[in-house]
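The task is simple: from the sequences and hints, build the whole structure.
If you read the protein sequences in the order shown, they are chains X and G.
Per the numbering used here, residue 1 is the first one in the first sequence, and the count goes up by one each step.
Per the numbering used here, residue 1 is the first one in the second sequence, and the count goes up by one each step.
Just to be clear, a hint being listed does not mean it is correct.
[Stated by the list, open to error] Okay, derived cross-link-like pairs now, BS3-like style, lysine-lysine, Cα gap no bigger than 27 Å in a straight line:
id, chain 1, residue 1, chain 2, residue 2
1, X, Lys378, X, Lys351
2, X, Lys393, X, Lys372
3, X, Lys495, G, Lys11
4, X, Lys372, X, Lys69
5, X, Lys495, G, Lys5
6, X, Lys368, X, Lys342
7, X, Lys328, X, Lys342
8, G, Lys75, X, Lys495
9, X, Lys328, X, Lys393
10, X, Lys100, G, Lys75
11, X, Lys358, X, Lys242
12, X, Lys378, X, Lys358
13, X, Lys378, X, Lys342
14, G, Lys11, X, Lys100
15, X, Lys69, X, Lys137
[What the hints assert, rightly or not] Taking beta-carbon pairs under 7 Å as the criterion, some of the chain X residues facing chain G (in silico):
id, residue
16, Met78
17, Leu246
18, Asn247
19, Met248
20, Ala282
21, Gly283
22, Val287
23, Ala290
24, Lys435
Everything labelled a hint here was simulated from the structure, so no lab data went into it.
Bear in mind that the values here come from a model prediction, so they are computed numbers and not experimental data.
Positions of the beta carbon are idealized from the N, C-alpha and C atoms, including for glycine.
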Amino acid sequence: MELQTLTYIVVGLTFALYMGIAVWARASTTSEFYVAGKGIHPVQNGMATAADWMSAASFISMAGLIAFKGYDASVYLMGWTGGYVLLAMLLAPYLRKYGKFTVPEFIGDRFYSRTARIVAVICLIVASLTYVIGQMKGIGVAFSRFLEVPFEAGLFAGMAIVFFYAVLGGMKGVTYTQIAQYVVLIFAYTVPAVFISLQLTGNPIPQLGLGSTMADGSGVYLLDKLDLVLGDLGFAAYTEQKGGTLNMVLLTLSLMIGTAGLPHVIMRFFTVPKVRDARSSAGWALVFIALLYTTAPAVGAMARLNLMNTIQTGPVAAVDANLAYADKPQWFTNWEKTGLLKYEDKNGDGKIQYYNDKSQSFAETADKAGWKGNEMVKVDRDIMVLANPEIAKLPNWVIALVAAGGIAAALSTAAGLLLAIASSISHDLMKGVFKPEITEKQELLYSRIAMAGAVLVAGYFGLNPPGFAAQVVALAFGLAASSLFPALMMGIFVKRINNKGAVAGMLAGLGSTLIYIFLYKGILFIPGTAMLADNPGGWMMGISPGAFGAVGALINFAVAYAVSNATEEPPEHIQHMVEDIRVPAGAGGASDH
Amino acid sequence: MSSDKAQAYWKANLRLVLGCLAVWFVVSFLFGILLVDVLNAVQIGGYKLGFWFAQQGSIYTFVALVFFYASRMNKLDREFDVHED
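And the structure:
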């Protein structure tokens, strides 16, 4: 069957499934809307958390990042999984014991301060909104590439689906659709990986294939081969470190504590029945995440090798060892149409030369062969996962599956983020601050309206992406790492922290991180207002703006501790509350409060 | 629960968390980044060991660590009689 028809069928089937679940899992109380009635099994919650967490970026961009950065991309692999260790041991069980609906609610209660709650709401909304813009864009891209409909039409279709199940079902609807979406996305991710691993190494398990020898009978290990192929063309070795060590450490740490501090992830642990379920559920979430995250390095390395071999078909600088542009495969043409792949025949020989023209040592070889510069002038990293099945010449149904998987990853994350925004507006701002007298029924209505509003705002930004859309992801993690995570952790582990310390700490962490990011990316990301050069030479001590969240968190800890110790102790009932959070006994079941 | 017992429970919990976080630090930051060149001298199949920890081994260890923590905490809860239901 033709690829496009197949893609319509596969994507259509998954959408029908999500709609069916939405109707089945309607929310009728605020508890169901915010925390799915606290009745989700820990394994199911783990699966939903995995889908919630793994976004269009994990599904589409990460393997591409690995393909082009090699070893240096390890920071994303360790950072985005290691955060779950922190979440499981430092936050999830205690926040579940406290048993409320939102993250700002805990911060407001623990630090007996409305200011703290509002600061937390602002951090949550900024972090979640910047994050959701990327998802909306991902949905539009997947639609326009695979279903060949205009970007806008794809975006509207995605919005309509999220609108339907998130407004109707709240956390309950979102949880069950996320479980279905996890199944779709993990299947879509691993099937092509298994095929490609088999082709290249003869080993069907990608995690093992990456460490195996090539299936061509040469006896050379795949990773050694990749280092060799890249080195021959002047690129840095795949398995070697290229960036600074301090920056790698801080970036990994920032991603870890940022992950643990992201509200849409934390609130998933409010949905399980018991404290011990929150602990094991974090483990299950990590199992389901690890399935994709340990496959991604194999996908990245194998895609890079396939790409290099497609273009450089024989020994470097030999005659007829480069792919002629006229013989280019169909996927090459398809991606050229999207503008994400660009070729320029610099030496006019009609062939494609793809090499590192910035390498000094390789310049002589290139010169002798009559090469006039790298002719693959643009290879967008994001196309690697999507183009991978085509590059490896896999059957059409696999390609259709990848489209459905990418959409599932984007939809599930978008829904989780929108829910975090909606619940903090209706529960923390409306019910908590402005209109405490509203009934549960009214609150439920408000939360549905907030949800609908959030979908529309996200859709608007998806259609009119601010120029800084790609850069604000660092901001989302920076905010979560420098403001929310330290406040939550100290709220549980350090009894002495009082309202003044917490607010001062959050503002100091947040402020320092914002200043550092703005210095390099421009004030409020306005082009031309950056004061320092955003490259390794310009970074203070080699620390990239994305890696500063860890430093911001340290500042938060230090300021909160110093201010708290200089001012009065927290009141006695707050100290009792902290003692109570620390023991599991007495946690409410599926009760309201 | 008496406050002595609560304190002992909390101390045991902190010890466990610190131990787990030490492992968390070693497999990722130490093996995956700081000592990566040293470990890369060892080769397991096609993987250099440091590279393997950075892209595979640390993640497997994280998974094991969370389940280990969860089961030890459940035991601790029962020992100190603070478990649910």
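Hints versus structure:
no.	hint	result
1	Lys378/X - Lys351/X	16 Å, holds
2	Lys393/X - Lys372/X	31 Å, violated
3	Lys495/X - Lys11/G	14 Å, holds
4	Lys372/X - Lys69/X	24 Å, holds
5	Lys495/X - Lys5/G	18 Å, holds
6	Lys368/X - Lys342/X	25 Å, holds
7	Lys328/X - Lys342/X	13 Å, holds
8	Lys75/G - Lys495/X	25 Å, holds
9	Lys328/X - Lys393/X	13 Å, holds
10	Lys100/X - Lys75/G	26 Å, holds
11	Lys358/X - Lys242/X	15 Å, holds
12	Lys378/X - Lys358/X	15 Å, holds
13	Lys378/X - Lys342/X	5 Å, holds
14	Lys11/G - Lys100/X	26 Å, holds
15	Lys69/X - Lys137/X	23 Å, holds
16	Met78	5 Å, holds
17	Leu246	10 Å, violated
18	Asn247	10 Å, violated
19	Met248	5 Å, holds
20	Ala282	6 Å, holds
21	Gly283	4 Å, holds
22	Val287	6 Å, holds
23	Ala290	5 Å, holds
24	Lys435	34 Å, violated
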